[in-house]
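Protein chains: 2
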Amino acid sequence: MEQILEEKVVMRTAIDNLFNPRSVAVIGASRHPGKVGYAVLYNLVYGGYGGKIFPINPNADEILGLQCYPSALKVPEEIDLAVITVPNRLVPEVMEQLGQKGVPTAIIISAGFKETGGEGVKLEREVVKIAKKHGIRFLGPNCFGVIDTWNSLNTTFSAQSPLKGHIAFISQSGALCISILNQGIMEKIGFSKFINLGNKADIDETDLIEYLGNDPKTKVITLYLEDIRDGRKFVKVAREVVKKKPILVIKSGRTEEGGRAVSSHTGSLAGMDIAYETAFKQTGVMRAYRIDELFDAAEAFARVPLPKSENIAIITNGGGVGVLLADAASLNGLKFARFTQKTIEELHKYLPPFASFRNPLDVTGNANEEVYFNAFKTIIEDPNVDGVITASLPVQIIDERKLAHLIGEVATRVKKPVIGCFMGGEEVEEIEDILRRYNIPNYTEPERAVTAFAKLVKYKKILEELNVEEKIVTFEVNKKGVAEIFKKLREENRTRLTEIEAKQVLENYGIMVPKYKVVKSLDEAVEAAEEIGYPVVLKIVSPDIIHKTDIGAVKINITDEKELRNGYLGIIMNVRKYAPRATIYGISVQEMVPSGIEVIIGGIRDPQFGPLVMFGLGGIYVEVFRDVAFRVTPVSEREAEKMISEVKGYNIIRGVRGRPGGDINFIKETIMRVSQLLEDFEEISELDINPLMIYEKGGFAVDARMTIKY
Amino acid sequence: MEQILEEKVVMRTAIDNLFNPRSVAVIGASRHPGKVGYAVLYNLVYGGYGGKIFPINPNADEILGLQCYPSALKVPEEIDLAVITVPNRLVPEVMEQLGQKGVPTAIIISAGFKETGGEGVKLEREVVKIAKKHGIRFLGPNCFGVIDTWNSLNTTFSAQSPLKGHIAFISQSGALCISILNQGIMEKIGFSKFINLGNKADIDETDLIEYLGNDPKTKVITLYLEDIRDGRKFVKVAREVVKKKPILVIKSGRTEEGGRAVSSHTGSLAGMDIAYETAFKQTGVMRAYRIDELFDAAEAFARVPLPKSENIAIITNGGGVGVLLADAASLNGLKFARFTQKTIEELHKYLPPFASFRNPLDVTGNANEEVYFNAFKTIIEDPNVDGVITASLPVQIIDERKLAHLIGEVATRVKKPVIGCFMGGEEVEEIEDILRRYNIPNYTEPERAVTAFAKLVKYKKILEELNVEEKIVTFEVNKKGVAEIFKKLREENRTRLTEIEAKQVLENYGIMVPKYKVVKSLDEAVEAAEEIGYPVVLKIVSPDIIHKTDIGAVKINITDEKELRNGYLGIIMNVRKYAPRATIYGISVQEMVPSGIEVIIGGIRDPQFGPLVMFGLGGIYVEVFRDVAFRVTPVSEREAEKMISEVKGYNIIRGVRGRPGGDINFIKETIMRVSQLLEDFEEISELDINPLMIYEKGGFAVDARMTIKY
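Residue numbers (this note's numbering), protein chains in the order written: chain Z, 9 to 718; chain V, 9 to 718.
I should point out that these hints are in silico values taken from the structure, not numbers from a laboratory.
Small disclaimer: the values here were computed from a predicted structure and weren't measured.
Just to be clear, a hint being listed does not mean it is correct.
To be verified - With the Cβ distance kept under 10 Å, some of the chain V side facing chain Z (calculated, not the full set):
{"no.": "1", "residue": "Glu123"}
{"no.": "2", "residue": "Phe165"}
{"no.": "3", "residue": "Cys185"}
{"no.": "4", "residue": "Gly328"}
{"no.": "5", "residue": "Leu339"}
{"no.": "6", "residue": "Asn374"}
{"no.": "7", "residue": "Glu378"}
{"no.": "8", "residue": "Val403"}
{"no.": "9", "residue": "Phe633"}
To be verified - Here are the simulated DSSO-like cross-link-like pairs (lysine-lysine), alpha carbons at most 27 Å apart as the crow flies:
{"no.": "10", "chain 1": "Z", "residue 1": "Lys241", "chain 2": "Z", "residue 2": "Lys140"}
{"no.": "11", "chain 1": "Z", "residue 1": "Lys122", "chain 2": "V", "residue 2": "Lys556"}
{"no.": "12", "chain 1": "V", "residue 1": "Lys479", "chain 2": "V", "residue 2": "Lys251"}
{"no.": "13", "chain 1": "V", "residue 1": "Lys495", "chain 2": "V", "residue 2": "Lys556"}
{"no.": "14", "chain 1": "Z", "residue 1": "Lys130", "chain 2": "V", "residue 2": "Lys357"}
{"no.": "15", "chain 1": "Z", "residue 1": "Lys656", "chain 2": "V", "residue 2": "Lys385"}
{"no.": "16", "chain 1": "Z", "residue 1": "Lys357", "chain 2": "V", "residue 2": "Lys122"}
{"no.": "17", "chain 1": "Z", "residue 1": "Lys479", "chain 2": "Z", "residue 2": "Lys495"}
{"no.": "18", "chain 1": "Z", "residue 1": "Lys289", "chain 2": "Z", "residue 2": "Lys469"}
{"no.": "19", "chain 1": "Z", "residue 1": "Lys410", "chain 2": "Z", "residue 2": "Lys225"}
{"no.": "20", "chain 1": "Z", "residue 1": "Lys676", "chain 2": "Z", "residue 2": "Lys523"}
{"no.": "21", "chain 1": "V", "residue 1": "Lys225", "chain 2": "V", "residue 2": "Lys122"}
{"no.": "22", "chain 1": "V", "residue 1": "Lys488", "chain 2": "V", "residue 2": "Lys468"}
{"no.": "23", "chain 1": "Z", "residue 1": "Lys289", "chain 2": "Z", "residue 2": "Lys225"}
{"no.": "24", "chain 1": "V", "residue 1": "Lys122", "chain 2": "V", "residue 2": "Lys140"}
{"no.": "25", "chain 1": "Z", "residue 1": "Lys656", "chain 2": "V", "residue 2": "Lys43"}
{"no.": "26", "chain 1": "Z", "residue 1": "Lys469", "chain 2": "Z", "residue 2": "Lys650"}
{"no.": "27", "chain 1": "V", "residue 1": "Lys656", "chain 2": "Z", "residue 2": "Lys650"}
{"no.": "28", "chain 1": "V", "residue 1": "Lys496", "chain 2": "Z", "residue 2": "Lys357"}
{"no.": "29", "chain 1": "V", "residue 1": "Lys227", "chain 2": "V", "residue 2": "Lys196"}
{"no.": "30", "chain 1": "Z", "residue 1": "Lys479", "chain 2": "Z", "residue 2": "Lys496"}
{"no.": "31", "chain 1": "Z", "residue 1": "Lys650", "chain 2": "Z", "residue 2": "Lys523"}
{"no.": "32", "chain 1": "V", "residue 1": "Lys468", "chain 2": "V", "residue 2": "Lys253"}
{"no.": "33", "chain 1": "Z", "residue 1": "Lys172", "chain 2": "Z", "residue 2": "Lys60"}
{"no.": "34", "chain 1": "Z", "residue 1": "Lys196", "chain 2": "Z", "residue 2": "Lys122"}
{"no.": "35", "chain 1": "Z", "residue 1": "Lys410", "chain 2": "V", "residue 2": "Lys43"}
{"no.": "36", "chain 1": "Z", "residue 1": "Lys496", "chain 2": "Z", "residue 2": "Lys525"}
{"no.": "37", "chain 1": "Z", "residue 1": "Lys343", "chain 2": "Z", "residue 2": "Lys466"}
{"no.": "38", "chain 1": "Z", "residue 1": "Lys43", "chain 2": "V", "residue 2": "Lys495"}
{"no.": "39", "chain 1": "Z", "residue 1": "Lys196", "chain 2": "V", "residue 2": "Lys196"}
The C-beta atom is built at its ideal place from N, Cα and C for all residues, glycine as well.
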């Protein structure tokens, strides 16, 4: 017996209980319509839920015909899920009781926690502590609850339930949930699950994405997020789930990290949103910027098969709409399939000789539904066409209802994605109902139809990308050497490495730097220069001087001893004058390396997603055009390659018009080594290699900055 | 009598008759429902039109209770407007009769003209000829007609009329008209005039824009265009009309000028769409890319006053929507007004202490309509707030209908623009009706609300811009000198100027070029170099060699006679080897000017809009980032200045971080001189000054290319 129970616990996860509980207790069930505790119970009782329901209220014997219990502890049976609607201050006690009762899962609808600040924050911490102690997983607090249309489970206080369908929606905003639920009903969008995250004190977006990845009723996961609780976990999970089904997200809100000290170039190039943007891109999570865009795409994913390629056809009975669709299609990366000769011959049978017979195909306003349909059928059967956007305007001659049926039947048969852009008029709702029966989503705005179709293609490409194996290279490095440098900084209470220290860190990670020697006297300098070989560069070494050039503490292209002596003394003089209080470690004599292509490789650490590596070309590429690429670590070989090729200055690196290019493999390796360094040392908050000088073969980290936190 | 008639003709323009005719003849009026000639007559008779109606049909005595005439000539009274619905081949005869009758204006609904190619093209030309002969102005052919809601005039065959309102809509697509008419009715958008252009054989968009500029019922002009018939006229007219009311346009379709020979840098940088984009920008015509975007903005213009500034407030009862609105607002250039201390104190009376009291203001889902309204009233009365986006989600506690009334009353009083984002649910239509009563447009998508508001701000700024006087400078130039150069080219049957000829053209227009001399022998070269002064540059002069550098026909930085001799012979050898058949005019010895900031000034000629001037920084600014600015000529001083400041590389020209900048006045003047040159000589099809070398004071056209057409 014990063992069987064990097994059950293993099979049924805490999150299963959110959607498919065998029994639900409503803590704070109320007899008074208008109260949340009543509405939730009502929705459970009358929403079609098939499991057991236990209202908990110490002041009632029976509500809505169900026996009431004074507390969860008094319920004689197992409770899979508790929905808590009591006032905030009572929640800790309730959680304690649920723990004692052994309830595995809860939804805390009650508000008055972190979102109210002060006492609320403390109260939420207390609830988390109790939940942890008892192993209770919970959603919320301050949340709207969940709806599972296929299990007819509605734990919310909403008067309505969404239609059954295959879109899962997770929202960080409760109010938005209500609005989308209502809009969804009006627009007949079908949902599998509807979830409001609330304060995310325990269960978060990533837990749910992971779960929904395995939910057979969910074909596409949509989210509205304001932040992500654990970026590293999100990246790991989302990447796997995207292989199974598309994830679409609206991420709003720029994190207000204005306070973050930005001392590196990389830091200033990384906008507030860059970590999210990078993480989404890298995991194949598709971002939407409008609510309609989100659900337009979701509807397409929920209804049509993925296209084989971006080669589509557009058919329309109105030239204007055709052009609008074509413009939008081009901008969204769709391509116009070239009709085969056979298709064109076939089209000649139906269309007037002055028609264009090209894609986009305009059957003109003179076409009735028969003509339109014959043309449609011809092009969708063309082997070059991998999907169709079918647009129709309500011109007098056409019976759009008949057309919708005709198109629907063929679309179902050929198994290519078909998206509608039936645009007009009073009958459009009726037509949309017909199209929906054949799983053709319809959009009355050309741009929306195209954007939705483009997402299908995008996901198709994401899948292809994700199928390629990502090799994370691990280099042999001297971790200990770096640890010692950081230890020394900590001992000296410093956070900013000198250029020389930063270069030593890089050297320990196998990144080439020009030859250098730190000297403390002019004689040593002369000796070092002889050893390194002219021309050399002189630079002050000081933890206090960041902008060395600005105060004249750098002398380049020193070709002989005389220049060296002058340069050395010049630096000493300038430092005395402009930075009299700076701690000076010496002057470094460095090899003057030949000029090549200047690139930048940098790193920053994001509070949610951890380290990010940046790559860009130097000079105006970053300064004026912010032409850079970011990746969340660890950066695979393939991603490193993509970083290099996605910047606009890529041609410079490849070499164009007879100019020599740069060693791409060297850049790639340096990116990966920096990635490894950032992964190995959490204390690095920012680093810049600027410039990394690139030659046809190899290169050097000519200058470097690095900051640590501890 | 004669004189009075004259006066009448002057006062009533041909286009007046399209919308406000005293009498209308329907040529091809039909007794058969389903026929266009019936539907048009029906709409005139039953649409509420107050003028006289004459059905013309030789085979009927009476239709819809009106006496029929066999031809327009038989109508005993004056006809202001004829609506033609007869088959295409009969149209010339009908037009001839209209001419004889003295009908000033016609709408040709009949199709089968240019749009069908071949014979149709000829037929259209014939119609134009007849119309010209008789001075008839006409709309179409192949058009849907016009609707004037305020005169209850519907000359179309549409079963429905749009609602009365203040938006004029002009469409180049007939089918789109029908669709938008239907959608507009569903979404309760009010129109003043509804016009389909058809083939634009006579009356075009510019004629109508000019007319609508003076139409008191029209507050905003919207257009769907696929092309513009006369770009120069459009620019002139639109610029004036925009001072009176906003113009919004969707311009679809990339002109397929793939065939256009592009030999200049400027040509390749000017995309297919650049002339339109430039013309819209320069005239203050606002471009939309989606149909909903077009009418969202139009609704706002039709209903709310313009804001004083971009400083707005956002108020919401749902944090999520607030963040979405805030994101969109930032992206669209709106700014968040800073609440005064008084406002914050006032808000404290209504909102819980944990509220943020910041803009965007989240009154939270706990606010009922009273609380929300008090907060709304407080912020809209804040003197720092110049407009409000008011968002509401249908949370249980709030009565949104009441809220809509409360907000509406205050909004009407304070005369600041208020835009609604009431997002949800079944009741949203009812709420929108309430808001509309107070002239508050509502959008259920945050992004749409913001985009509409941003257009108000944009127009406000356009008006400010247009109020600044535009000074077109005319320089004293040597036109004759240029004419002679072009004459010589024509005589020699050449279209491409040599570098030297191009520079001579520039010199004639007062644009400085480095000293040069074309020589034919080594001795002459030596002499020229002495005269010019070393260092010099040698370049081949040949109409057949464009890429001089590629074949080694350019030698730079020649510092003495020895180098000169070597260089000279080198060029001769290379030309013999790589371009043995080229015509050689000589070798030019040129002053080697010091390096400065390299910019490009170019010109192309667009078939619709005439000359365009381009400006950009040299090197990767144009090659990689296409960081350039265009203007339609003539370019005023102010526009020239804006061209320079709008490129991303502007900082380089201004001089940054201690680096010297360039002579902005010199660039400005060169742009204007190039503009004048392009205006003066229609035969110039492309020109490039690349580079124009800029110094702190002045500069030189170091290299130049130019092509003419004749």
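Check the structure against each numbered hint from earlier and tell me which ones fail, lowest number first. 7, 11, 15, 17, 19, 21, 22, 25, 28, 30, 31, 34, 38
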